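**Q** Sequence:
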Amino acid sequence: MCITFIYLASPEEQDFPYKLIILNNRDEEFDRPTSKLTWENKIIAGRDEKAAERGTWFGVSSSGRIGILLSITEPKSDTKPYAPSRGRIIKDYLEGHEKPIEYCSKLAQEASKFNGFQFVCLNRTERNSYELYTLTNLLVDKVEPILRGYGVHGVGNSPMNKPFQKVIYGEKLFDQIIQDFKEHQDQDRLVQALLRLATDQTKCLPDQQLETQLKQKEESYQYLSSIFVRFPESIHYGTRK
-14 MCITFIYLAS PEEQDFPYKL IILNNRDEEF DRPTSKLTWE NKIIAGRDEK AAERGTWFGV
46 SSSGRIGILL SITEPKSDTK PYAPSRGRII KDYLEGHEKP IEYCSKLAQE ASKFNGFQFV
106 CLNRTERNSY ELYTLTNLLV DKVEPILRGY GVHGVGNSPM NKPFQKVIYG EKLFDQIIQD
166 FKEHQDQDRL VQALLRLATD QTKCLPDQQL ETQLKQKEES YQYLSSIFVR FPESIHYGTR
226 K
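Residue numbers for the sequence shown, in my numbering: -14 to 226.
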């Protein structure tokens, strides 16, 4: 489980100081080997040290390319045990030079090899802004890249047209944070508001989409229904700091 909120400013927003704002939570096993955020081969990212590919879930290249990867929630029994690592999807994108539409179109041709994923990629444009594409390989009618417009976007572990309740909840709060910043232009206030959102443990229940994807009842998935995921101490899984 992971969650991402993105604000993509349009070129016309001359008085807005940021072209892009991204808030991302990574949910993972606490003991999964992971390196700290660092520059390597002109990419800044934390890296998954368990998989041989040393891929990542969120990375930025020195040229301004950005990749974010989220899984699509499904029962463990439905996953492919020998599927290739999804972490290399971002790595290949950031190390390459293809436009997002070109990379995503090529990725769509081999997307069925992987377990469920949602790939978010951004790249700078000639208009001094960013273009945003997403590609989802599960629970969609057609696996194809989708160009997203300017403004606020919430991305979770389901197709964007079938959002979990916590994504809907968080997207509204994220939008309020952006609007507040537009009014006050206070960077410290913005950072604190984003941190509060990232650590919000409000359980967004019931969630029919989450229940459908996991094939479990509310009592089983309740801890996954919050933006900041925290299970009882006996379960070493959740949002990693």
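Keep in mind that the hints are not guaranteed to be accurate.
Each computed EDC-like pair below joins lysine to aspartate or glutamate, with the alpha-carbon atoms no more than 16 angstroms apart [stated by the list, open to error]:
{"no.": "1", "residue 1": "LYS61", "residue 2": "GLU13"}
{"no.": "2", "residue 1": "LYS27", "residue 2": "ASP63"}
{"no.": "3", "residue 1": "LYS188", "residue 2": "GLU203"}
{"no.": "4", "residue 1": "LYS4", "residue 2": "GLU59"}
{"no.": "5", "residue 1": "LYS84", "residue 2": "GLU34"}
{"no.": "6", "residue 1": "LYS157", "residue 2": "ASP185"}
{"no.": "7", "residue 1": "LYS35", "residue 2": "ASP63"}
{"no.": "8", "residue 1": "LYS147", "residue 2": "GLU59"}
{"no.": "9", "residue 1": "LYS167", "residue 2": "ASP0"}
{"no.": "10", "residue 1": "LYS65", "residue 2": "GLU34"}
{"no.": "11", "residue 1": "LYS35", "residue 2": "GLU59"}
{"no.": "12", "residue 1": "LYS167", "residue 2": "GLU204"}
{"no.": "13", "residue 1": "LYS61", "residue 2": "ASP185"}
{"no.": "14", "residue 1": "LYS27", "residue 2": "GLU95"}
{"no.": "15", "residue 1": "LYS35", "residue 2": "GLU13"}
{"no.": "16", "residue 1": "LYS188", "residue 2": "ASP165"}
{"no.": "17", "residue 1": "LYS21", "residue 2": "ASP0"}
{"no.": "18", "residue 1": "LYS167", "residue 2": "GLU59"}
{"no.": "19", "residue 1": "LYS4", "residue 2": "GLU116"}
{"no.": "20", "residue 1": "LYS188", "residue 2": "GLU168"}
If you're looking for bench data, these hints aren't it; they were derived computationally from the structure. Remember, predicted model here, so these are calculated numbers, not experimental data.
**Q** Now tell me if each hint is right for this structure.
**A** A quick look at each hint next to the structure:
Among the hinted pairs, LYS61 with GLU13 is consistent with the structure: their alpha-carbon atoms are about 14 angstroms apart, no more than 16 angstroms. Note on LYS27 and ASP63: the hinted pairing is violated, with a Cα-Cα distance of about 36 angstroms set against a maximum of 16 angstroms. Between LYS188 and GLU203 the CA atoms are separated by roughly 11 angstroms; this keeps the pair inside 16 angstroms, and the hint holds. The suggested pairing of LYS4 with GLU59 is violated, with an alpha-carbon distance near 34 angstroms, which exceeds 16 angstroms.
About 28 angstroms separates the Cα atoms of LYS84 and GLU34, which puts this hinted pair outside 16 angstroms; it is violated. Taking the CA atoms of LYS157 and ASP185, the gap is about 13 angstroms. The hint holds against a cut of 16 angstroms. Our distance criterion of 16 angstroms between C-alpha atoms is broken by LYS35 and ASP63, whose separation comes to about 22 angstroms. For the hint linking LYS147 to GLU59, the alpha-carbon distance of about 14 angstroms falls within 16 angstroms, and the restraint holds.
Pair hint LYS167 plus ASP0 holds up; C-alpha atoms about 9 angstroms apart against a cutoff of 16 angstroms. In summary, the hint linking LYS65 to GLU34 is not supported, as the alpha carbons are separated by about 20 angstroms, beyond the 16 angstroms threshold. Proximity of LYS35 to GLU59 is assessed by CA-CA distance (about 21 angstroms); at most 16 angstroms being required, the pair is judged violated. The hinted pair formed by LYS167 and GLU204 fails the criterion: a straight-line CA distance of about 40 angstroms is larger than 16 angstroms.
For a cut-off of 16 angstroms, the pair hint linking LYS61 to ASP185 is broken: about 26 angstroms separates their Cα positions. As the CA atoms of LYS27 and GLU95 are separated by approximately 26 angstroms, the hinted pair breaks the 16 angstroms bound. Restraint check for LYS35 and GLU13: the C-alpha separation of about 12 angstroms stays at or below 16 angstroms, so the hint holds. Restraint check for LYS188 and ASP165: the C-alpha separation of about 24 angstroms exceeds 16 angstroms, so the hint is violated.
Among the hinted pairs, LYS21 with ASP0 is inconsistent with the structure: their alpha-carbon atoms are about 34 angstroms apart, more than 16 angstroms. Using a Cα cut-off of 16 angstroms, the hinted pair LYS167 and GLU59 is violated, with the two alpha carbons roughly 38 angstroms apart. Restraint check for LYS4 and GLU116: the C-alpha separation of about 11 angstroms stays at or below 16 angstroms, so the hint holds. A C-alpha spacing of about 29 angstroms is found between LYS188 and GLU168, which places the hinted pair above 16 angstroms, so the restraint is violated.
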